[in-house]
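As they're listed, the protein sequences go chains A and B.
Residues 1 to 287 in my numbering are what the first sequence spells out, letter by letter.
Residues 1 to 165 in my numbering are what the second sequence spells out, letter by letter.
One or more of the hints may lead you astray.
[Claimed, not checked] Straight-line alpha carbon distances no greater than 27 Å define the calculated DSSO-like cross-link-like pairs of lysine-lysine that follow: (1) B/K42 / A/K254; (2) B/K3 / A/K23; (3) A/K246 / B/K105; (4) B/K103 / B/K42; (5) B/K146 / A/K246; (6) B/K42 / B/K146; (7) B/K146 / A/K250; (8) A/K246 / B/K41; (9) A/K254 / B/K41; (10) B/K105 / A/K250; (11) A/K250 / B/K41; (12) A/K254 / B/K3.
I should point out that these hints are in silico values taken from the structure, not numbers from a laboratory.
Single-letter residue listing:
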Amino acid sequence: MNAPPEDQLEQLKNLLFSEEIEKFETISEEFNDYERLEKKLEPILEKRIAELQADFPDQFGPVITKALKVQIKESQEEVIEVLSPIMGRLIKKYVQTEIAKLTESIDQRMRDLFSFKATLRRWIASLRGVSSAEIIVSELIPAKLQEVMVIENDSGLLIGRHSVSADSDPDLIAGMLTAIKAFVEDAYGKTGESLEQIEYETFTLYLQSFGSFYIVAAVSGVVDSAFKDELNDAVHAFAIELTRDKGYHKDETKMMSLMEQHFSLFSPLALPPASEDAVVKETASAR
Amino acid sequence: MQKKILLVGDFGVGKSSLVERYVNDRFSEEYKSTIGVVIQKKTVEVDGQSINLLIWDVAGSREIAEVPASYYLGSSGILYVFDISRPETWAGLPQRLATVREKAKYSSESDRLMVIANKSDLCNAEDLKEVLGQVSVKVDIVTSAKDSLNVDSAFTELARRILTE
Ligand SMILES: Nc1nc2c(ncn2[C@@H]2O[C@H](COP(=O)(O)OP(=O)(O)OP(=O)(O)O)[C@@H](O)[C@H]2O)c(=O)[nH]1
Ligand SMILES: [Mg+2]
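Same shape as in the complex, but just chain A (with noise of 0.2 Å):
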């Protein structure tokens, strides 16, 4: 008898198909012996990821940006609660440095001005020594003077303080301030220039060295010549008195109450009332 049917088939297979299943063999051995497999792969993968690489930006780039952007979109509380002290500080100086752009221009336009009431009042300006835009935009941010400080030169000590608020630490103002005069002065002073001018958010210090001491005044606000002409007149007059007697080093009381007579009454340019119409509405109509 022949076979059963099954074997029969078998055979047939072994006969026709002998050399794809020997193939077929060696690949799965190949496949099954994990070093032989990673032998084989491993140059491919490496091109793979190779050109992955170098088209990543490409291929992905978009994606992820878009990715990105919706992220941002939809978590703009903490983007904004991120960013908003950075902005705020860099806004604070923009807008300072936009209001003493704004100054000039309005400089320009009160030039152009042939009305009597501007020219009277360009008369006013000049007589003070201010210009008129000086006083337009000093009324709309007056500088005013913050504090002053006497500190001693080498040391940054503080021997004397004359504020009007008095919310951060004196001392520790002092010494940061010595030391970054200190710094500067090392850096730039060899030729015994000294620093006199520090520009910090909306304020501006302004400091004067007196020998074994300098004082330092701090200014808020949008400074004219004839505020800051006022200022150091009156930082002059106070350090002549402070030179004179020593006692003041030592006597806390008595320089306070020497700094109080010399900044407590110490303000800007006594403009006198606005008249019947305000000078900024005088240009805006003026155009």
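Fit chain B with the ligands to the known structure of chain A by using the hints.
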């Protein structure tokens, strides 16, 4: 009475950590290198006298000559800090200390310049002994800002020396 004191020494030896431990009784493993100088203050009582210490924590530098000379002006005392675990921070110490003395205009006898070996927690007693033998200058106090060892004593001792000189 107010007095200015300075902490100087190599990068990362723990100057800011000593000040932070002393002033705020805090310690952080995180290393935030100081830029320029940071000033803190603390009042210390010595023999019934109270002194307001203005502490200048100066940015570390390998070359002590890099510290601006004017930082030293008007200082009443200096803590020179090194890190026991890093030999490069105490190599050539005698020369470095001489430079500090010269810049600060302290006489060679003055003891207002104190040498501090910090990070004692990082080594055992034997290692410490070996290091102290190798530094070739007298170490005034061994501290650990981390374990709060001798930190107060270091500042108080300096204040005491300032008062007595
Ligand atoms: N284990 C240990 N680590 C300390 C100690 N003091 C400081 N450190 C660590 O050392 C690193 C540097 O400390 P800082 O205090 O920033 O060093 P510094 O001397 O002020 O460094 P610069 O400002 O760069 O000069 C930080 O990671 C601290 O946590 C200490 O006593 N023990
Ligand atoms: Mg530091």
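Now for the hints, and whether the structure bears them out:
Proposed proximity of B/K42 and A/K254 is supported: the alpha carbons are some 25 Å apart, at most 27 Å. For the given pair, B/K3 sits about 91 Å from A/K23 by alpha-carbon distance, which is inconsistent with the 27 Å threshold. Between A/K246 and B/K105 the CA atoms are separated by roughly 25 Å; this keeps the pair inside 27 Å, and the hint holds. A distance of roughly 25 Å separates the Cα atoms of B/K103 and B/K42; the hinted pair therefore holds under the 27 Å criterion.
Among the hinted pairs, B/K146 with A/K246 is inconsistent with the structure: their alpha-carbon atoms are about 45 Å apart, more than 27 Å. Pair hint B/K42 plus B/K146 holds up; C-alpha atoms about 19 Å apart against a cutoff of 27 Å. Between B/K146 and A/K250 the CA atoms are separated by roughly 40 Å; this puts the pair beyond 27 Å, and the hint is violated. About 26 Å separates the Cα atoms of A/K246 and B/K41, which keeps this hinted pair within 27 Å; it holds.
At roughly 24 Å between alpha-carbon atoms, A/K254 and B/K41 fall within 27 Å of each other, so this suggested pair holds. This hinted pair checks out: B/K105 and A/K250 have alpha carbons roughly 25 Å apart, not beyond 27 Å. Using a Cα cut-off of 27 Å, the hinted pair A/K250 and B/K41 holds, with the two alpha carbons roughly 20 Å apart. Simply put, A/K254 and B/K3 have alpha-carbon atoms about 21 Å apart, close enough for the 27 Å limit, and the pair holds.
Checked against the numbered hints above, the structure breaks hints 2, 5 and 7 and satisfies the rest.
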